Each structure stands twice: as structure tokens, then as C-alpha cells.
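K.L.:
The chain contents come next:
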Amino acid sequence: MKESTTDDRTLDANAVAGMLETLFGADMTVADSKCAACGREGEVGTLLAYTMAPGVVLRCPACSAVMLRMVETPRGTLVEAKGLAFVRMNR
Amino acid sequence: MPERFITRGFEGKPRATGTTANRVPPGQYLTKDFPVLSAGPTPTTNLRLWSFAIEGLVREKVSWSWADFQKLPAQEFTVDISCVTKWTKLDTRWRGVSIDTLLESVELEPRAGFATAYSDGGYTTNLRLPDLVNGQAFVAYEYDGAPLDPEHGGPARLVVPHLYFWKSAKWVRGLHLTEKETAGFWESLGYHIRGDPWKEERYSGD
Amino acid sequence: MATIKAIRDETPRVRSYTLGLPSWTPHRPGQHYDVRLTAADGYSVQRSYSIASGPETDGEIALTVERVVDGEVSPFLHDVAVVGDRIEVRGPIGGYFVWEATLGGPLLLIAGGSGIVPLMAMIRHRAATASRIPTRLLYSSRAPEDIIYANELRDLEARNDGLEVLHTLTRSQPAGWTGYARRIDDAMLAEVRRPLGDAPLVYICGPTPLVEGAANGLVRIGVSAQRIRTERFGPSGK
Numbered sequence: 001m002k003e004s005t006t007d008d009r010t011l012d013a014n015a016v017a018g019m020l021e022t023l024f025g026a027d028m029t030v031a032d033s034k035c036a037a038c039g040r041e042g043e044v045g046t047l048l049a050y051t052m053a054p055g056v057v058l059r060c061p062a063c064s065a066v067m068l069r070m071v072e073t074p075r076g077t078l079v080e081a082k083g084l085a086f087v088r089m090n091r
Numbered sequence: 092m093p094e095r096f097i098t099r100g101f102e103g104k105p106r107a108t109g110t111t112a113n114r115v116p117p118g119q120y121l122t123k124d125f126p127v128l129s130a131g132p133t134p135t136t137n138l139r140l141w142s143f144a145i146e147g148l149v150r151e152k153v154s155w156s157w158a159d160f161q162k163l164p165a166q167e168f169t170v171d172i173s174c175v176t177k178w179t180k181l182d183t184r185w186r187g188v189s190i191d192t193l194l195e196s197v198e199l200e201p202r203a204g205f206a207t208a209y210s211d212g213g214y215t216t217n218l219r220l221p222d223l224v225n226g227q228a229f230v231a232y233e234y235d236g237a238p239l240d241p242e243h244g245g246p247a248r249l250v251v252p253h254l255y256f257w258k259s260a261k262w263v264r265g266l267h268l269t270e271k272e273t274a275g276f277w278e279s280l281g282y283h284i285r286g287d288p289w290k291e292e293r294y295s296g297d
Numbered sequence: 298m299a300t301i302k303a304i305r306d307e308t309p310r311v312r313s314y315t316l317g318l319p320s321w322t323p324h325r326p327g328q329h330y331d332v333r334l335t336a337a338d339g340y341s342v343q344r345s346y347s348i349a350s351g352p353e354t355d356g357e358i359a360l361t362v363e364r365v366v367d368g369e370v371s372p373f374l375h376d377v378a379v380v381g382d383r384i385e386v387r388g389p390i391g392g393y394f395v396w397e398a399t400l401g402g403p404l405l406l407i408a409g410g411s412g413i414v415p416l417m418a419m420i421r422h423r424a425a426t427a428s429r430i431p432t433r434l435l436y437s438s439r440a441p442e443d444i445i446y447a448n449e450l451r452d453l454e455a456r457n458d459g460l461e462v463l464h465t466l467t468r469s470q471p472a473g474w475t476g477y478a479r480r481i482d483d484a485m486l487a488e489v490r491r492p493l494g495d496a497p498l499v500y501i502c503g504p505t506p507l508v509e510g511a512a513n514g515l516v517r518i519g520v521s522a523q524r525i526r527t528e529r530f531g532p533s534g535k
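Chains as they are written, first to last, in our numbering: chain R, 1 to 91; chain Z, 92 to 297; chain L, 298 to 535.
I should point out that these hints are in silico values taken from the structure, not numbers from a laboratory.
Take a look, some chain R residues computed to stay more than 10 Å from chain L by CB distance:
1) L23
2) T77
3) A85
4) V87
For lysine to aspartate or glutamate, the following EDC-like pairs were computed, each having C-alpha atoms within a straight-line distance of at most 20 Å:
5) Z:K177 with L:D338
6) R:K82 with R:E41
7) Z:K177 with L:E369
Just so you know, these numbers come straight off a predicted model, no measurement behind them. Yeah, the Cβ is synthetic: ideal placement off N, Cα and C, and Gly gets one too.
Here chain R stands alone, though its shape is the one from the complex (with noise of 0.2 Å):
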């Protein structure tokens, strides 16, 4: 499937499923996601999960790239999504 990028800090992006869901309004874990580096496609579940640090960091599990962002403050949360070349809501 692809080289070990992980270690055992790695979580799933399901474990951040109720944050996205906060953020989106849906459930983010089925929908399909690209990767903007590599062109990886898998539903948002699939992602690897960086949660032990100042924000949330959702990487590729193909090639680790950084393909989503988050990060609480009191005046709201960011988001980036630059690593995503889309994100798609599946009926």
C-alpha cells in the first residue's frame, strides 16, 4: 500500500470526525478527497491524523503531504486546505 510515514502518534481522520463535522456541517470522514501533491484519491476517513500539536494536521497517507489544517483560537477556527485538490460530497 505505500512505505511506512506514520508512527504511533498517527491517528485516523476519524478521530477528528466531530471537529470537521463542526466545521462543515456533515459528516467529512465519507466524503472523497485528492490530494493536491499526489493525486491520491480516498474518502477523508482514510487520512492520517497529526492531533498532538498546537492544531489539527490531516496528512496524505500516500505521500504525507499536508492536505488539511485546523486550528481553534478564541477569535474562531482557520482552516486551510491547500493540500486538497477537492473535496466531494457524496449523495
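The hints should help you fit chains Z and L onto chain R, whose structure is shown.
P.N.:
Structure of chains Z and L alone, referenced to chain R:
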């Protein structure tokens, strides 16, 4: 807004008391363990391929191999560190090379005012040059008398103890000197551009 | 807001909490709830826990929580929380790592340690709906006393409705142990998978090395990656 629910019996984290209280910045909790924070996988670095560079606005870029870096004059540092996720750890013991020592090997262009520290794995953080000099910052390769563990940033990490610990880039590989400040990984997503824990500069706008 | 209705010891380090939910919505097996604790000074911490129960238990859910050394939420739940306490929860959450009987099978479930929890929700749901979908559970624990739901799994297997439970004990085995006694490897995966045919639906939950080892191993022995769903858990307390 409804009144905030308080969980019965949940005390959170103890605040510092007594003689150490004045060493703990506002809003921080004391910790004895050393939490591992990371925005990505721990890189595996081959020491034979490792180098540390100072580049950008310097007359001539300088780069040390691991072997060369070990020959630089090293110092012991015992410092208190504060993470923006609210833990503070007192009396952490490091060994490494002061940034002052590293800067002796390069001639800075007068315009150089800022640095971006960059790391294996793609992490970056921005620092003002005055925050890196005069014994305030170093590149550490030992922690508590042993080689720095990869999960804590080994083989080498930046340590800038007077700023929040996200500035102390793990797996650091160099400093890129610039005229203008370029926000790094967390600074570009809501975190404070400088991050002084005593001023509680956590987020942009604090 | 949930109320703790019962607390049960599963193993020396693992307890199950039955939570009564005034505004209960049936979950999908594999989903989780976020648990938030708030101190009087405003400090608050949140962790995500898989639901252990099936959606057939009206008005309540069970969470099974392993005590994490240096954790914040699990030590509180283990040492402080008592029956009758109210706990702030949010859920059910996550639709990726879920299985319902309508998704079919055959089903291959692979668990490491407390990774059994969301898979147990699937197994309980399967039993509650009288499903006969062929299902094999490969469950890796360190020692016999670490096996969560040991008795219930034995009872469910004894119903002979198509569920088989295969244990591997990686550190210590009781006298006369006939199960596996090593970490999950390709040979073990091939043996466990064989009766289910070439295209089982696979759910793997556990620590990252186990999850990746099992997922990569299954792909090596010819299972399509599209049929494999994984859930890693780590020190964030999942």
C-alpha cells in the same frame, strides 16, 4: 449562552504554587513529563546525510556535516520551556551549539533581520534575529545527558526557550535569513508571529 | 449530556461505562462519541471513544475505556467518575469506519488491544439482528488477562451462527493454549482469511503498527485495499 457545565470531580491540571510559581508564565500548567507534540511523522535522518546550513541573506552560505557540527564548541543549557498547549517544564537540560557560535562562521548582509528555521518533514517557523542571538537560542543534540530522541526532535532541534516551544523546531536543518518576516507553519494559521509566553502571545492578535 | 448508569471492569486496565442519553439517536456500529471534561477554572479536555454497544440498546450507549498512563480523560473516568455522574458527550460521530448487517460480508475483523471496541459494536449488532453473515474475528492481546469481552465473545461464538473468534496472545499464554502466540503476520492473516474467500470486508482497529501491518499484509495476500477499512488509535486516548 447556557451556563458552562462543570464536570464533577474534574480538577484539570494543577497550577504551580510556591517557589516555582513565578517561573511559570500566565495560563500555563506545570508538567513533569515531556509531552511529544508533532504535526507529522517522525522523520528518520541518516546522520551521514545530515547537515545544518545558514543561508539566505549571508555573503556565503555555510553548511556543517554532522561530524563537523560535533566539533563546534558546545555548551550545556538548563532552561524552562513553555508549550502553547499550556504546559511548562522547568529545568530542562540540553547540550548543543549556541546560534551565536554558528553565526560567527557567516557574514550577514545588513538587510538580514529575520530567520526561517526549516526542518526535515517540511516544518518551518519564523524568528526575529534578535531572538536568536546573545545566548538565547541554540541547536541541541543532547537532552538530559543522552542523544536527543527522534520523537523530541533528534538528531538536532532548535531550542529558543524564551518563546513558545513551537518556535523550537524539531529535526532542524537550517536557518534561512531574510529581510522580511515570513510566517511559518503555525504562524501562518492563527498563531502569534513572535510567541512570547510571558506576554501570552498565543494567537495572532493577542 | 449523559448520565453514567453502570461501570463494569473488563480487565485490570479497561472499564466499560453505560451512559444514559436523554436525546439518544441510534448510532452505526463503529462510530464514536466525543467526551468533554471541564474543570471549574474553565480548563477543558476532549477525547473520542468508540461505542462498544450495538444500536439496539434504546436510550443508552456503552463506551469502553482503557486507562492511558499520563492521560487526562481516561484516568478521570477510571478514578473519579461514579454511577450517577453527568458527563458532557457529543455523538454519534464518523461514518467511515462503520459496518451494518446491510453492508454484507463475509466479514473479517482484526483487533489489537482496545481496538476491539468498535468491532465489538459490530459483533453485538450482528448478534442482535440475528445476522448469519460469516464473520471471523482475529484479536491480538498481550496476555490472557488483557482480553476484553472474553466471556461474551465465547458465548457469542457458542451460538454457532457463523461467528468465529481467533485469539493471538503475544506476550504470555496460559498452559495448554492452542491459539496463536505471536504478532499478526502474513501466514496468520492468510489462515484466518482463507475460509472467508478472496473478498472479505475487512475492518482493522488497534495501534498504528498493528493496523498498518495487518492492512499491508492483507493486500500482499491478495485482498483488495478497497475492501479494507482501518482505524488507528494512539495516545490521544481513543
